[in-house]
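Here the protein sequences line up with chains A and B, keeping their order.
Okay, so the first sequence: first residue is 1 according to the UniProt record's numbering, each after it adds one.
Okay, so the second sequence: first residue is 1 according to the UniProt record's numbering, each after it adds one.
It should be emphasised that the hints constitute simulated quantities derived from the structure, not laboratory data.
Because the structure is a prediction, the values reported are computed rather than measured.
Do not rely on the hints blindly, as some may be mistaken.
Claimed, not checked - Here are some of the chain B residues that sit facing chain A, going by a computed Cβ distance under 7 Å:
1. Gly20
2. Arg40
3. Phe47
4. Leu52
5. Ile67
6. Gln70
7. Arg72
8. Val79
9. Pro116
10. Gly118
To be verified - Here are the simulated DMTMM-like pairs of lysine to aspartate or glutamate, each with C-alpha atoms no more than 20 Å apart in a straight line:
11. B:Lys50 / A:Glu235
12. B:Lys7 / A:Glu175
13. B:Lys12 / A:Glu103
Cβ coordinates follow ideal geometry from the N, Cα and C atoms, glycine included.
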Amino acid sequence: GYLPANVDRRESTLQRKRKEYFAFVEQYYDSRNDENHQDTYRQIHIDIPRMSPEVLRLQPKVTEIFERILFIWAIRHPASGYVQGINDLVTPFFVVFVCEYIEEEEVENFDVSSLPEEVLQNIEADSYWCMSKLLDGIQDNYTFAQPGIQKKVKMLEELVSRIDEQVHRHLDQHEVKYLQFAFRWMNNLLMREVPLRCTIRLWDTYQSEPEGFSHFHLYVCAAFLVRWRKEILEEKDFQELLIFLQNLPTVHWGNEDISVLLAEAYRLKFAFADAPNHYKK
Amino acid sequence: MQKHNQKEHLYKLLVIGDLGVGKTSIIKRYVHQNFSPHYRATIGVDFALKVLNWDSETVVRLQLWDIAGQERFGNMTRVYYREAMGAFIVFDVTRPATFEAVTKWKEDLDSKLVLPNGKPVPTVLLANKCDQGIDVLMNNGIKMDQFCKENGFVGWFETSAKENININEASRCLVKHIIASESDPVQSIEPDIIKPHLNSSKIVSCSACFKS
Numbered sequence: 001g002y003l004p005a006n007v008d009r010r011e012s013t014l015q016r017k018r019k020e021y022f023a024f025v026e027q028y029y030d031s032r033n034d035e036n037h038q039d040t041y042r043q044i045h046i047d048i049p050r051m052s053p054e055v056l057r058l059q060p061k062v063t064e065i066f067e068r069i070l071f072i073w074a075i076r077h078p079a080s081g082y083v084q085g086i087n088d089l090v091t092p093f094f095v096v097f098v099c100e101y102i103e104e105e106e107v108e109n110f111d112v113s114s115l116p117e118e119v120l121q122n123i124e125a126d127s128y129w130c131m132s133k134l135l136d137g138i139q140d141n142y143t144f145a146q147p148g149i150q151k152k153v154k155m156l157e158e159l160v161s162r163i164d165e166q167v168h169r170h171l172d173q174h175e176v177k178y179l180q181f182a183f184r185w186m187n188n189l190l191m192r193e194v195p196l197r198c199t200i201r202l203w204d205t206y207q208s209e210p211e212g213f214s215h216f217h218l219y220v221c222a223a224f225l226v227r228w229r230k231e232i233l234e235e236k237d238f239q240e241l242l243i244f245l246q247n248l249p250t251v252h253w254g255n256e257d258i259s260v261l262l263a264e265a266y267r268l269k270f271a272f273a274d275a276p277n278h279y280k281k
Numbered sequence: 001m002q003k004h005n006q007k008e009h010l011y012k013l014l015v016i017g018d019l020g021v022g023k024t025s026i027i028k029r030y031v032h033q034n035f036s037p038h039y040r041a042t043i044g045v046d047f048a049l050k051v052l053n054w055d056s057e058t059v060v061r062l063q064l065w066d067i068a069g070q071e072r073f074g075n076m077t078r079v080y081y082r083e084a085m086g087a088f089i090v091f092d093v094t095r096p097a098t099f100e101a102v103t104k105w106k107e108d109l110d111s112k113l114v115l116p117n118g119k120p121v122p123t124v125l126l127a128n129k130c131d132q133g134i135d136v137l138m139n140n141g142i143k144m145d146q147f148c149k150e151n152g153f154v155g156w157f158e159t160s161a162k163e164n165i166n167i168n169e170a171s172r173c174l175v176k177h178i179i180a181s182e183s184d185p186v187q188s189i190e191p192d193i194i195k196p197h198l199n200s201s202k203i204v205s206c207s208a209c210f211k212s
């Protein structure tokens, strides 16, 4: 997360950051119905009940916390503001922090409002800073016209054309564009494509990897696509291909599947990252 | 299985409008015959397919492109709009601001997409969530007819994805207009107006990031 490397400073940093967050809340949150900010707030308000995954999001206490986190982030980052998809990105952090206080199996039915107010405040502030740190590395994904995403989708296409020409050609032949399925992979960091438990496992690696969210993610996406090469090559029409790619059957995925995916992504990174012409046509 | 003389049409349809107006819900209702109040916000574009037995000799396959409501893509929407034959523009009757955005969506669509004959694609306006009983805009059907005429919509419907109201009807209306525009390419609804439109070669080369 956002803690300093020096162990001695951790506790004080944590306290300071939590205070800082609630100072932001005090300073800005009342402005959510002001003319300049009401559009942002309204969008967030509409999107909270439409987050992925379904767990937790319908509890009023959770809604309230997420609205605050997203609103504060949006007005402190005017270059991007709130963009659909960012709402999903709070959830893994929030769930991990909440899990510290409950039995692991219970998270789906857990009543968040049963936690003490002080604990909830700490979870809220910590989730905010973790999400902020994540977004700092990928902010160009969410600025106007989302140039970061355009670039990464293009890079994914280029990468796949080198690592699995057959799959690449198959998609191309059936006029499937990478943007049509991989936009969401970039915008929501695969959260929509795999179950939440897998996202948490995946992001764990991203956080320990230099430029995990902004760079290594690309190799994970490539490994993820090629993972379905058999199914992709069997589909012989645009419609079926796109429906398959937008609804990949990962519902039963667990840690094991993510480990395999990550291993493959590492392999691709080592083979291709520093060899931009490797297998290039 | 296909009858000997059966014709097949494939049409790409866009579903656009502000966020949270119910685009995804309308498509899920139309394609899967179900409804949930908790669909996730669409990211980028979602894709669905609906097959219609139009008449005894025609099958119509509709590719439905459910496009995320947040206008953040800039020129990226061009990639999604390409080669569409018709569109639904959706607003939410309980939120007047989403109706005000309708003309903006229509202008965006017409500026980025024209039929091969240079005309705008047939577009139907959907006043969704009409089950909510809030008729702020609908109290005057004549006004809506006038609005559609002025803004180049081929028709409008009050719809409810929740209660399954008018969705099939709206789709038939749109398909009817698409078939008509296909079979009679020289017919012009507004013969005296010359509309500036983008050269199709521009669409390919518009973005430095997305040249293919």
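Task: Given hint Ile67 of chain B near chain A, where the shortest CB pair must fall under 7 Å - done: 11 Å, violated
Open item on the list: Quick check on the hint: Arg72 of chain B CB to chain A CB, less than 7 Å?
Closed with: Hint holds; Arg72 of chain B Cβ to chain A Cβ min 6 Å, cut 7 Å.
Open item on the list: Does the closest beta carbon of chain A sit nearer than 7 Å to the beta carbon of Gly20 of chain B?
Closed with: 4 Å, holds
Open item on the list: Hint Arg40 of chain B vs chain A: min CB-CB distance below 7 Å?
Closed with: This interface hint holds because 5 Å falls under the 7 Å limit.
Open item on the list: Can you verify the interface hint for Val79 of chain B: is its Cβ closer than 7 Å to any Cβ in chain A?
Closed with: 6 Å, holds
TODO: Return the status of the interface hint for Gly118 of chain B: holds when the least beta-carbon distance to chain A is below 7 Å, violated otherwise.
DONE: 24 Å, violated
TODO: Identify whether the interface hint at Gln70 of chain B stands, where standing means a beta carbon of chain A within less than 7 Å of its own.
DONE: Result: holds, 5 Å to nearest chain A Cβ.
Task: Interface hint outcome for Leu52 of chain B [beta carbon to chain A under 7 Å] - done: 14 Å, violated
Task: 20 Å Cα cutoff - pair Lys12 of chain B, Glu103 of chain A - done: 49 Å, violated
- [ ] Classify the hint on Phe47 of chain B as holds or violated, based on whether any CB of chain A lies nearer than 7 Å to its CB.
- [x] 5 Å, holds
Task: Pair hint Lys50 of chain B and Glu235 of chain A, alpha-carbon separation not exceeding 20 Å - done: Since the Cα atoms of Lys50 of chain B and Glu235 of chain A sit roughly 18 Å apart, the hinted pair holds (cutoff 20 Å).
Open item on the list: Just to be careful, I want the Cα atoms of Lys7 of chain B and Glu175 of chain A compared with a cutoff of 20 Å; is the pair within it?
Closed with: With Cα atoms ~23 Å apart, Lys7 of chain B and Glu175 of chain A exceed 20 Å; violated.
The structure fails hints 4, 5, 9, 10, 12, 13 (numbered hints given earlier, in ascending order).
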